[in-house]
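Asker: Knowing the structure of chain W, use the given hints to seat chain Z on it.
Taken in sequence, the protein lines are chains W and Z.
Sequential numbering from 1 applies to the first sequence in the working numbering.
Sequential numbering from 1 applies to the second sequence in the working numbering.
Keep in mind the hints are simulated off the structure, nothing from the lab.
If a hint is listed, it holds; no wrong ones were tucked in.
Here are the simulated DSS-like pairs of lysine-lysine, each with C-alpha atoms no more than 30 Å apart in a straight line:
no. : chain 1 : residue 1 : chain 2 : residue 2
1   : W       : K101      : Z       : K20
2   : W       : K101      : W       : K73
3   : Z       : K14       : Z       : K64
4   : Z       : K66       : Z       : K14
5   : Z       : K41       : W       : K73
6   : W       : K55       : W       : K78
7   : Z       : K41       : W       : K78
8   : W       : K55       : W       : K101
9   : Z       : K41       : Z       : K20
10  : Z       : K20       : Z       : K64
11  : W       : K101      : Z       : K41
12  : Z       : K55       : Z       : K66
13  : W       : K78       : W       : K113
14  : W       : K113      : Z       : K41
15  : Z       : K41       : Z       : K64
16  : Z       : K20       : Z       : K55
17  : W       : K73       : W       : K55
18  : W       : K70       : Z       : K41
19  : Z       : K14       : Z       : K55
20  : Z       : K41       : Z       : K14
21  : W       : K101      : W       : K70
22  : W       : K101      : Z       : K64
23  : Z       : K20       : Z       : K66
24  : Z       : K66       : W       : K101
25  : W       : K101      : W       : K78
26  : Z       : K55       : W       : K101
27  : W       : K55       : W       : K70
Per the computed footprint, the stretches of chain Z lying under chain W, defined by three or more beta-carbons under 8 Å from a beta-carbon of chain W, are:
no. : segment
28  : 36-44
29  : 89-97
30  : 103-113
By construction, the Cβ of each residue, glycine as well, lies at the ideal position given by its N, Cα and C atoms.
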Amino acid sequence: AQTVTQSQPEMSVQEAETVTLSCTYDTSESDYYLFWYKQPPSRQMILVIRQEAYKQQNATENRFSVNFQKAAKSFSLKISDSQLGDAAMYFCAFTHRHGNKLVFGAGTILRVKS
Amino acid sequence: GAVVSQHPSWVICKSGTSVKIECRSLDFQATTMFWYRQFPKQSLMLMATSNEGSKATYEQGVEKDKFLINHASLTLSTLTVTSAHPEDSSFYICSASEGINYGYTFGSGTRLTVV
Numbered sequence: 001a002q003t004v005t006q007s008q009p010e011m012s013v014q015e016a017e018t019v020t021l022s023c024t025y026d027t028s029e030s031d032y033y034l035f036w037y038k039q040p041p042s043r044q045m046i047l048v049i050r051q052e053a054y055k056q057q058n059a060t061e062n063r064f065s066v067n068f069q070k071a072a073k074s075f076s077l078k079i080s081d082s083q084l085g086d087a088a089m090y091f092c093a094f095t096h097r098h099g100n101k102l103v104f105g106a107g108t109i110l111r112v113k114s
Numbered sequence: 001g002a003v004v005s006q007h008p009s010w011v012i013c014k015s016g017t018s019v020k021i022e023c024r025s026l027d028f029q030a031t032t033m034f035w036y037r038q039f040p041k042q043s044l045m046l047m048a049t050s051n052e053g054s055k056a057t058y059e060q061g062v063e064k065d066k067f068l069i070n071h072a073s074l075t076l077s078t079l080t081v082t083s084a085h086p087e088d089s090s091f092y093i094c095s096a097s098e099g100i101n102y103g104y105t106f107g108s109g110t111r112l113t114v115v
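Chain W on its own, in the form it takes in the complex (with noise of 0.2 Å):
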């Protein structure tokens, strides 16, 4: 079974400044998508950066990219330039190409200090 986690439960950063997120994820396949997800006070998920698992490229959305690394299994997410705006809960999530079911991760609050 695959599993997603995510072992920061609170993270701060200052307005401006850079943040990481972690993810790490375990999966027998080869053939994946991983995702990130944004939660914010609203509680709508919107999504955030998406990664297909054959494309060795890191994605970038603006000022979101991912640090992809297959062998170990991580998906970090780097938020530049924060913003009030970005904070939210944070999740990561997987699925396989072949299926369709999103496993997600316990989430990672995010705050942003001004």
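Answerer: Just chain Z now, kept in the frame of chain W:
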């Protein structure tokens, strides 16, 4: 972009009554829909997966007779909490997928309070 509408956004019901939550994909056909339950400051717990026209697949530990899921069309899935009790109070979220290559879109969630 893809939009999923979930209603109601919040509901209060009396213990012993049933509550229905709707999840609609507004601009795409959702081949698969998922229902999650989330407690405060915790992760999303998958309750069941439903495919249009098929019976839902429930996760281990989820009572099928208590949480009835219907996916009658490619744009609508419903979750009915039957004979609700205070311990069923939670935040319920639906998600819809057109298929793996199209990702997942989440509804805005329903806060259920059973009194």
